[in-house]
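Undergrad: Each chain is listed here by its residues.
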Amino acid sequence: MTVWPEERAQTIDSFNTVDMTINVGPQHPATHGVFRMVLTVDGEVVVDCEPYIGYLHRGLEKLTENHDYRQSMGWWDRTDYLAGMCCEGAYCMAVEKLAGLEVPERAEYIRVMMMELSRINSHFMFLGAFGADVGSFGTSFVYAWRERERIYDFFEEVSGDRMFPTYFRPGGLQADLPENYESRVRWLLGSIRQGIEDLDGLLTGNEIFVERCRGLAPMTTERAINLGITGPILRATGLPWDLRKAQPYSVYDRMKFEIPVGEQGDIFDRYFVRLSEMYQSTKIIEQCLDQMPKGLVLNPDLPKTLRIDNAECYIRTEGTKGEYGVYAMARGGVKPYRMKLRSPSFCNLSALREMVVGSYVADAIIILGSLDIVLGEVDK
Amino acid sequence: MTQPAAAPQYPGISALIHKHLSNVPFTATTTGTDADIHVAAEHLLALVEGMNQKPELAFDMLANVTGIDMGEDTLAVKYNLYSFTHNHRVQVTVTVAWADRVIPSLTGIYRAADWHEREAAEMVGVVFAGHPNPKNLLLDEDLRIHPLLKSHPLQTVEILQGIEEGVPGFKF
Chain W
81 MTVWPEERAQ
91 TIDSFNTVDM
101 TINVGPQHPA
111 THGVFRMVLT
121 VDGEVVVDCE
131 PYIGYLHRGL
141 EKLTENHDYR
151 QSMGWWDRTD
161 YLAGMCCEGA
171 YCMAVEKLAG
181 LEVPERAEYI
191 RVMMMELSRI
201 NSHFMFLGAF
211 GADVGSFGTS
221 FVYAWRERER
231 IYDFFEEVSG
241 DRMFPTYFRP
251 GGLQADLPEN
261 YESRVRWLLG
271 SIRQGIEDLD
281 GLLTGNEIFV
291 ERCRGLAPMT
301 TERAINLGIT
311 GPILRATGLP
321 WDLRKAQPYS
331 VYDRMKFEIP
341 VGEQGDIFDR
351 YFVRLSEMYQ
361 STKIIEQCLD
371 QMPKGLVLNP
381 DLPKTLRIDN
391 AECYIRTEGT
401 KGEYGVYAMA
411 RGGVKPYRMK
421 LRSPSFCNLS
431 ALREMVVGSY
441 VADAIIILGS
451 LDIVLGEVDK
Chain C
25 MTQPAAAPQY
35 PGISALIHKH
45 LSNVPFTATT
55 TGTDADIHVA
65 AEHLLALVEG
75 MNQKPELAFD
85 MLANVTGIDM
95 GEDTLAVKYN
105 LYSFTHNHRV
115 QVTVTVAWAD
125 RVIPSLTGIY
135 RAADWHEREA
145 AEMVGVVFAG
155 HPNPKNLLLD
165 EDLRIHPLLK
175 SHPLQTVEIL
185 QGIEEGVPGF
195 KF
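In order, the protein sequence lines correspond to chains W and C.
Counted the way the numbering used here counts, the first sequence spans residues 81 to 460.
Counted the way the numbering used here counts, the second sequence spans residues 25 to 196.
Hints were generated in silico from the structure; no laboratory data involved.
Treat each hint with caution, since some may be false.
Stated by the list, open to error - Think about it this way: if two alpha-carbon atoms lie no more than 25 Å apart in a straight line, the pair counts; the simulated SDA-like pairs of lysine to any residue are:
| # | chain 1 | residue 1 | chain 2 | residue 2 |
| --- | --- | --- | --- | --- |
| 1 | C | Lys174 | W | Asn146 |
| 2 | W | Lys325 | C | Ser107 |
| 3 | W | Lys415 | C | Thr53 |
| 4 | W | Lys415 | C | Ser175 |
| 5 | C | Lys159 | W | Val437 |
| 6 | W | Lys142 | C | Glu96 |
| 7 | W | Lys142 | C | Lys159 |
| 8 | W | Lys415 | C | Gly95 |
| 9 | W | Lys142 | C | Thr57 |
| 10 | W | Lys142 | C | Pro158 |
| 11 | C | Lys174 | W | Asp148 |
| 12 | C | Lys174 | W | Asn390 |
| 13 | W | Lys142 | C | Arg168 |
| 14 | C | Lys174 | W | His147 |
Unchecked claim - Here are some chain C residues pointing at chain W (derived, C-beta under 8 Å):
| # | residue |
| --- | --- |
| 15 | Thr55 |
| 16 | Ala87 |
| 17 | Asn88 |
| 18 | Lys102 |
| 19 | Asn104 |
| 20 | Trp122 |
| 21 | Asp124 |
| 22 | Arg135 |
| 23 | Ala136 |
| 24 | Leu172 |
| 25 | Ser175 |
Since the model is a prediction, treat every value here as computed from it, not as a measurement.
Even glycine gets a Cβ: it sits at the ideal position worked out from N, Cα and C.
Generate the whole structure from the sequences, applying the supplied hints.
TA: This is how it looks when you write it as structure tokens:
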């Protein structure tokens, strides 16, 4: 059945179409940093996608090998720069494991509190940026930034820096909390909950947003595991797996919280898992404040210079984007012999081609946004 | 790493792996967090395939691949594997001499291995046989240096650029 005359339809059938190559990035706001992908498109459908990374490669591992254990702290903040405290936590845990250092209990609670605040902060960034990817332009950004700046003020107060606090130390923390900090964190939690509600209303309550995301790029659990995907994207496929519960570290085994899961691993589920996780994080922070003991925050037996003999470990933590692992090896001396970062964004991004091929070009941007990558962590 | 004489021959999870895969020769030690299985490069595929397929082991996730320059012209590659079904984890170590640095690629078993192996290949120079796309990942495409080798000095990457193998680049 055709609406055109016979001869016109024949001309259209005999059109020779050629695949076109489109370069996206590396400097484009939709790529969330300096990420580049080369899309091969047939009309509007993506038939191939080749990701290129490394534009932000700073040689993190080489630098860590060439400096002593405490000097390297600052670089590990700059891997997942949206959640600096989570990276510091993993790095310090690796060094403590190698050296066999104890961390005072109060420091563990403060660490968990800070890591959860970082998680909330990172997820706010996701909500803001993802809203903008889908088309809410600046509104979601503004709502997210209101809360993010408040959290950053709290980070600045304990450490002097907003995004790269360098607050943790192998063996504890740099300093104790300032006066009245705990009571003000409780106030902050109320503000955060209000912020989550606002964004929930703005995005989940928006039919256009929901219809745009639902059913897009679904993913099964088996496929996600084989591709090395972890974190909220894996949980969106329906697997309630979170390292904070599966293999608890620090004092997470004393916290009561739930693991939000999705159903079919589509974009909407990924978004909603992250949104629900933020509520759970506020619960964990509340429990930290309730249970936090008084006492020291830095191991008093810490030597002036850390020297570690033959030792090896692989530390896994639940970063904001998935499994943030640190492989560490020491062979004597004041410097680590090898430190390798297993970054969740790196592994999640390696599955991009699988998700993008077969979708529309406009959807490819949303799929990339739903991975919530941080290029500092991908490129090291 | 030296072990005390009383340590078992197959510590932790490696005893279970030895029980189900007794045809693959390996030795085992422990690290600070995991059992560490040392296997020769030619047995790696058989071992990992068995660990992935056997329902009692079911290592379904490749979490991490690390390439290390161990000094004295030896390279080591460490694989960190995890099982979602049984919630257990293990580390597999393959050590090769620099002159013979070919290790079979695991991309046929875990698709997650793709980028991990590309990174290890460019950083320390391991060759992963059978990798579908063995290009540089983090480094520039025409760069033929391995920055994480201990012989590679810090801060002189730009001087080395383009000198090796006659690839076009800067001339000093």
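Undergrad: It remains to establish, for every hint, whether it holds in the given structure.
TA: Comparing the hints with the structure gives:
1. With a CA separation close to 10 Å, the supplied pair Lys174/C and Asn146/W stays within the 25 Å bound.
2. Under the criterion of a C-alpha separation no larger than 25 Å, the hint pairing Lys325/W with Ser107/C is consistent with the structure, at around 15 Å.
3. For the hint linking Lys415/W to Thr53/C, the alpha-carbon distance of about 24 Å falls within 25 Å, and the restraint holds.
4. For the given pair, Lys415/W sits about 16 Å from Ser175/C by alpha-carbon distance, which is consistent with the 25 Å threshold.
5. The straight-line distance between the Cα atoms of Lys159/C and Val437/W is roughly 21 Å, inside the 25 Å bound, and the hint therefore holds.
6. Using a Cα cut-off of 25 Å, the hinted pair Lys142/W and Glu96/C holds, with the two alpha carbons roughly 19 Å apart.
7. As the CA atoms of Lys142/W and Lys159/C are separated by approximately 21 Å, the hinted pair is consistent with the 25 Å bound.
8. Among the hinted pairs, Lys415/W with Gly95/C is consistent with the structure: their alpha-carbon atoms are about 16 Å apart, no more than 25 Å.
9. The straight-line distance between the Cα atoms of Lys142/W and Thr57/C is roughly 23 Å, inside the 25 Å bound, and the hint therefore holds.
10. For the hint linking Lys142/W to Pro158/C, the alpha-carbon distance of about 22 Å falls within 25 Å, and the restraint holds.
11. At roughly 16 Å between alpha-carbon atoms, Lys174/C and Asp148/W fall within 25 Å of each other, so this suggested pair holds.
12. The straight-line distance between the Cα atoms of Lys174/C and Asn390/W is roughly 17 Å, inside the 25 Å bound, and the hint therefore holds.
13. Distance hint between Lys142/W and Arg168/C is fulfilled; the C-alpha atoms sit about 17 Å from each other, no more than 25 Å.
14. Simply put, Lys174/C and His147/W have alpha-carbon atoms about 14 Å apart, close enough for the 25 Å limit, and the pair holds.
15. A hinted interface residue such as Thr55/C counts as satisfied when its beta carbon comes closer than 8 Å to some beta carbon of chain W; here the least separation is about 4 Å, so the hint holds.
16. At about 6 Å, the closest approach between the beta carbon of Ala87/C and any beta carbon in chain W falls short of 8 Å, and the interface hint on this residue holds.
17. Restraint check, Asn88/C versus chain W: the minimum CB separation of about 4 Å is within 8 Å; hint holds.
18. Taking 8 Å as the C-beta cut-off, the interface hint given for Lys102/C holds, the closest approach to chain W being about 7 Å.
19. A cut of 8 Å between beta carbons decides the hint on Asn104/C: the least distance to chain W is about 5 Å, and the hint holds.
20. Here the hint on Trp122/C is broken, as its CB sits about 16 Å from the closest CB of chain W, past 8 Å.
21. Using the Cβ-Cβ criterion of 8 Å, the hint placing Asp124/C at the interface with chain W is not satisfied: the shortest such distance is roughly 21 Å.
22. Taking 8 Å as the C-beta contact cut-off toward chain W, the hint placing Arg135/C at the interface holds, the least distance being around 5 Å.
23. Satisfaction of the interface hint for Ala136/C is found here, the shortest Cβ-Cβ separation to chain W being roughly 3 Å, below the 8 Å cut-off.
24. Checking Leu172/C against chain W: minimum C-beta separation of about 6 Å stays under 8 Å; hint holds.
25. Interface restraint check for Ser175/C: the shortest CB-CB distance to chain W comes to about 12 Å, outside 8 Å, so the restraint is violated.
Violated hints, in rising order: 20, 21 and 25; the structure is consistent with all others.
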